[in-house]
Structures are given as structure tokens and as C-alpha cells.
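Asks: Next come the chains, spelled out residue by residue.
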Amino acid sequence: MVVDQSKDGFDAKRKNRNFWLAMSLAGFIVMIFLVTIAKLSNGGMIEGFDHNLRPSILEE
Amino acid sequence: MGRSVLENETILSQASTHDYIALLKFRVMRLAILTAAVAMVIAPGTINPVVAISSLICIGMGAGAAGALNMWWDSDIDSVMVRTSARPIPSGKITEDQALSFGLFLSFFSVIFLGLFANYLSALLLAGTIAFYILIYTMFLKRRTPQNIVIGGASGALPPVIGWVVTTNSIGFESILMFFLIFFWTPPHFWSLCLMTKGDYSKSRIPMLTETHGEEETKRQVLFYSLLLLVPSFMIAFTNVGGPLYLISIIILNAIFLFFAMGLSGFAQLSKLFKGKRDRQLFLFSIFYLFAHFLMLMAEFLLKFFLPFYENFAEVLVWL
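As they're listed, the protein sequences go chains A and B.
Reading the first sequence from the start, the letters are residues 1 to 60 in our numbering.
Reading the second sequence from the start, the letters are residues 1 to 320 in our numbering.
Because the hints were derived from the structure by calculation, they are not lab data.
Any given hint could be a false lead.
As the list claims (entries may be wrong) - For the chain A half of the interface with chain B, some residues (derived, Cβ under 8 Å), not all of them: (1) W20; (2) L34; (3) A38; (4) N42.
Stated by the list, open to error - Listing some non-contacts, in silico: residues in chain B with all C-beta distances to chain A over 12 Å: (5) D19; (6) I21; (7) F26; (8) V51; (9) I53; (10) F109; (11) A154; (12) E211; (13) L227; (14) N240; (15) P244; (16) I251; (17) K277; (18) F285; (19) F291; (20) F305.
Note that the structure is a prediction, hence the values are computed from the model and not measured.
C-beta: ideal position from N, C-alpha, C; glycine also.
Here chain A stands alone, though its shape is the one from the complex (with noise of 0.2 Å):
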């Protein structure tokens, strides 16, 4: 395969993976934000990190 070694191919490779790279940063924020919902929404262990002490999370 011929590597295009031109600025303006270099440059066209930069901006295509700086695109992807941005992608997938966007796409990780939005995973994040929808695992927590999604912990939050089923209770989980959400309660036991957040250093309060809270009633619900006390054994009888």
C-alpha cells in the first residue's frame, strides 16, 4: 500500500483520528452518565460511598 507522506495527507489522517478520539471521549461521558443513572434508578451500592450515614443502610 502507497503511504500518502504529503502535508495535506498527514494532515486529513490527524483530523480523521482526532475526530474518532472525540467520538469516543463523547461516547464514554454519555456511557458514564447512563451506568450511573441506571445504578441510581436500581439502588445498588450508590448509598454506601457517599461517606453519609443514611437509616436505609443500616442493618437491623
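Assemble the complex: chain A is given as a structure, and chain B must be docked to it using the hints.
Replies: Just chain B, lined up with the frame of chain A:
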């Protein structure tokens, strides 16, 4: 900007997004994702769809990371083999250091986030899978023993166990059977590929069974593992995740698989029925064989889920 700086930057940054994706060994990643997804769904218990999808992304990234690290370590042998010479490192599109950094980043990222999204046991298994594939298979076994892909196949067989653990937080008997299904499937699959690409491994000095023990012995071993494959394949049918549809499907799938394996091994009567290249036929069918197994398990789950009377029917089979 000085000319030398631009030139240096150009040389270091020739990789496109496509080259980074190629580092992930997409075909292997696809298999890991499918088997993990099916195990995750059919495992007893419920899982939030968002958590399931996020966990699958982590498992896929972990499998991809293992592929990238494998290409980093094996770049010297990839460059001399026809089948692998177009990979990103031997073709000069990605440097070894870039592949190493990419693989390590994805490894840590996928393990840490699988632990946070799902549970720590699944993260531990994913870390073990990556470590086994790189440290045991790629760095140690691959260049030392013709049994390399038999033992190394354990890493490729772990994704359904990880998927099962994501849902249940425990390693179930059914997931162990799924592990052995892929474990015994790997040798016939990979050795038929080796038979197809004759001579490629001798150039790279990798002690594949085809090179160390010859083609006839390899074909015998293919048949041996094809017979072993019957055990987990049929045992799954009589567990809670199996059922009549799966049983009927695997009878047909295993019959065809054995037919190809016996034809390859030189059973005179069967050999006459083959017109094309037998190794290629077995290799291509083996891919379909495994995908079909897991798709049938998923179909079995959906039938039980939507048709309650079918579940009773399946329970009778398990009881029998």
C-alpha cells in the same frame, strides 16, 4: 515549523483510525463479544441493559487490547508470514511503541471499568484473560511448543465465563461447559487454518503442529479434538440453558463438523465426497459452527422467555 520537525512528525503519525481498529483483531473481538453477550443474557438473574452493553464494550475492548499487544510482540514474525504481513506494524503504518501504548491503555481501561460497571470477579477474569493471552500464549507457548494453541485457547474460551459472571457474580456450571466448547473447538479451527496456509509458519519458525509433526498427525489431532468437542456441546443441551431446539441444532452441526473432520483425516469413503479443499471447508464451517451454537442458545432463551409452554417441554428434556 522547521522542515525536520514536520518530517519527523509525518513519519510518526502515518496511522489512520482504520489502522488502530485493525490492531484490535476485529474478528476475534467479534467472537468474544458474541459469546459474552449470549452468556450474559442466558445466565440466571437480571441485568440492566445499560450495564450489560457497557460491560460488553469493556469485554470487547479487553479482547481488542489483547490483540494489539499480541501484534506488538509478534511484529517480527508477522512481517515474514504472508497471512499477517499486511498488519499495521509490519506494513509500517503503526510503530511498535504506539501499539504497545494503545494495548496497555485499553487493557487497564477495560478491566477497571468492567469492575466498576459490573463486578470485580468479572474484571479479574478479564485481566486474567488478557494476561494469559499475552504472557502465557504469545510470549511463552507460541514459540516453544506445538501445543501452543491448545493451551493458549483457554484465553479465547473465557469471554462467555466473563459474560456469565457479569450477570450472576459467580462462575456457573453452564459457563464452564461453554468454556470447554470453545477450548476444544480452537484446535480444529486453528489447525485447519494452518493446513490452509502451508509453509507460512515454517518461515516464521513457529513450532506449529503442521510443521513439527506433519500434516497427517495434524489431521488426526483435528479429528481427536472434533470428537472431544462433542462432550461439552451435548452436555450444554441437558442443562438449564439448553433445550430441544439447541439439541436438534447441535446434532446437525456436530454431524457436519465430524463429516468435514473425518474427510480431512482421510477416511476413504468420505474423502471421495469432497470436491474442494477440505481444510478450507472445515475452517469456514468451524466459524459457522461456533456462532450457530451460541445463537441457538440465545434462541432457546428467547423461546423459553416468550413461550412458557416451551419451557416445560425443555424441562422434561433436562430431567431425562
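Asks: Could you tell me which of the hints above the structure violates, numbers in ascending order?
Replies: 5, 6, 8, 9 and 10
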